[in-house]
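Protein chains in written order, with my numbering: chain A, 1 to 147; chain B, 148 to 528.
Calculated from the structure, these hints are not laboratory results.
These numbers were taken from a predicted model, which means no experiment stands behind them.
Don't take every hint at face value.
Here are the simulated lysine-lysine pairs, PhoX-like style, with alpha carbons at most 25 Å apart [said to hold, decoys possible]:
1. A:K63 <-> B:K394
2. B:K394 <-> A:K36
3. B:K394 <-> A:K114
4. A:K36 <-> A:K141
5. B:K394 <-> B:K408
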Amino acid sequence: MQQSLDRPLPEPITPEARPYWEGLRNDKLMLPTCAKCGPFFYPRVLCPTCHSRDISWIEASGKATLYSFEIAHQALNPGFKVPPPYILALVELDEGPRLLTNLVDVEPDPAALKCDMRLEVVFERLTDAITIPQFRPAGAKASEGGA
Amino acid sequence: MRELSNAACIVGAAESDEIGVLPEKSPLSLHLEAITNAVDDAGLTINEVDGVFTAGQYTPATVAEALGITPRYVDGTYVGGCSFMILVGHALAALHHGLCDVTVVSHGESGRSRVGGPRARDQSLNSQFEFVYGFYGAPSYFGLIATRHMHEHGTTLEDWAQVAVSTRAWACLNPRARFDQPITVADVLNSRPVCYPFNRLNICLVTDGGGAVVLTRPDRARDLAKPPVFVRGAGEGTEHVLMTQMKDLTFSQATRIAGEKAFRMADVEPGDFDHVMLYDAFTAGPPIMLESLGIARPGEGVAYFADGRSTLGGSLPINTNGGGLSYTHTGMYGIFPIIESVRQLRGECDARQVPDVRLSLVNGMGGMLSAAGTLVLANEA
Numbered sequence: 001m002q003q004s005l006d007r008p009l010p011e012p013i014t015p016e017a018r019p020y021w022e023g024l025r026n027d028k029l030m031l032p033t034c035a036k037c038g039p040f041f042y043p044r045v046l047c048p049t050c051h052s053r054d055i056s057w058i059e060a061s062g063k064a065t066l067y068s069f070e071i072a073h074q075a076l077n078p079g080f081k082v083p084p085p086y087i088l089a090l091v092e093l094d095e096g097p098r099l100l101t102n103l104v105d106v107e108p109d110p111a112a113l114k115c116d117m118r119l120e121v122v123f124e125r126l127t128d129a130i131t132i133p134q135f136r137p138a139g140a141k142a143s144e145g146g147a
Numbered sequence: 148m149r150e151l152s153n154a155a156c157i158v159g160a161a162e163s164d165e166i167g168v169l170p171e172k173s174p175l176s177l178h179l180e181a182i183t184n185a186v187d188d189a190g191l192t193i194n195e196v197d198g199v200f201t202a203g204q205y206t207p208a209t210v211a212e213a214l215g216i217t218p219r220y221v222d223g224t225y226v227g228g229c230s231f232m233i234l235v236g237h238a239l240a241a242l243h244h245g246l247c248d249v250t251v252v253s254h255g256e257s258g259r260s261r262v263g264g265p266r267a268r269d270q271s272l273n274s275q276f277e278f279v280y281g282f283y284g285a286p287s288y289f290g291l292i293a294t295r296h297m298h299e300h301g302t303t304l305e306d307w308a309q310v311a312v313s314t315r316a317w318a319c320l321n322p323r324a325r326f327d328q329p330i331t332v333a334d335v336l337n338s339r340p341v342c343y344p345f346n347r348l349n350i351c352l353v354t355d356g357g358g359a360v361v362l363t364r365p366d367r368a369r370d371l372a373k374p375p376v377f378v379r380g381a382g383e384g385t386e387h388v389l390m391t392q393m394k395d396l397t398f399s400q401a402t403r404i405a406g407e408k409a410f411r412m413a414d415v416e417p418g419d420f421d422h423v424m425l426y427d428a429f430t431a432g433p434p435i436m437l438e439s440l441g442i443a444r445p446g447e448g449v450a451y452f453a454d455g456r457s458t459l460g461g462s463l464p465i466n467t468n469g470g471g472l473s474y475t476h477t478g479m480y481g482i483f484p485i486i487e488s489v490r491q492l493r494g495e496c497d498a499r500q501v502p503d504v505r506l507s508l509v510n511g512m513g514g515m516l517s518a519a520g521t522l523v524l525a526n527e528a
């Protein structure tokens, strides 16, 4: 069942990022990876470390730590309609790359959040075509709503 | 590289006729006002300008056309708000090599009133990997830097607030500043929450305005209207654009690279300055710049603001115009700290004049500490 969208869709999807979005559609967090240096993000045609063009894709574990966070208290983008406060997060995947995302299933309160806390991925389906990865504290119970 | 040191001087510096809220002026008009005023400040004429440097909404060709001149050298390097520091560095090299003789570096932006059309650039990476989560605009990103700094160094909300308090005190001494009433740490902590860890008073103004500086070689500079300000060193660097690509959020590699290059060119040490201008779109910016430039040790930049060193009478006055936090911030603020540094070195600053300024540091950022431009300016070669 499709709710009315409360956030801008990630459009346009660039050709290099298609495997990432196709993976998410099947609840898999896929990362581009270099044969020599390992996974990186965002998707591009060369490894940002050794500049090899030998790039393939792996599925990430979905385990991560919280590198940093913010709590939005007002709408910063007129197209983003999730009611504040919500958590803006920079997470570091166990595989190394970092993603911007939201934290869910945790209070948007600095007292409840700590850099380096353990997280796990949850998949939020926006449309039939688009699912986004969000994160929650490792072992947290799912709640209703949230960003 | 050392031969570029002092190869050019800033001989004119000015804002547009007004700065603030200007719904009746296009950004192009703000450019033209600023250039006219800066050329006039130098005692030159627009017809003598043969190098046009700008960043942002207009190419140098548009600015030159509007001025009615046909320059023989142009530069439109655009890496965010520090582009103007970088353009001064590029002007230094171009003037040294005789590629042009009189250069303007110009800015005009309707950041608040939004007169004119938007800038178009590819945002497909931002829309795929950032906007869908609610990130959008600088206040949604820069707090990530501040939160991590708090985690690693024990920096507090009170520490960041001290930057706003110190900068506001300077604004109270600048008749062109938007704000003229002092604030306290409590005022910052009690201002409207925008995006933790930042409240309203941790975040810069949004204004309309323009600014420009004029440069020429020292032989010409000595005969003009005002005492020349020598560009003793210039440096630039970039690290990232997307926050996921910045390796250590508590330390700006772009700033380190820009600073090291400028200091080497100028043959100065990080501790040599007696006046400092640091791009302050957010209160966390200046302390982290002090740390990344090697002026403060990691985690100790905030102490400059808390213990009074940054204020009038302090040992290292910082952001003496009142900064982006309290004077003006059009979006790409970088021209304004250069103008203030020139005025301080000339001794033109009245109530906010720092005594005996001889060596001034100007450091700008583009994006979220993504790019940096550093200038070492002096009133003697």
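Each hint tested on the structure:
| no. | hint | verdict |
| --- | --- | --- |
| 1 | A:K63 <-> B:K394 | holds, 20 Å |
| 2 | B:K394 <-> A:K36 | holds, 20 Å |
| 3 | B:K394 <-> A:K114 | holds, 19 Å |
| 4 | A:K36 <-> A:K141 | violated, 38 Å |
| 5 | B:K394 <-> B:K408 | holds, 21 Å |
Comparing the model with each earlier hint shows a violation of hint 4 alone; every other hint is respected.
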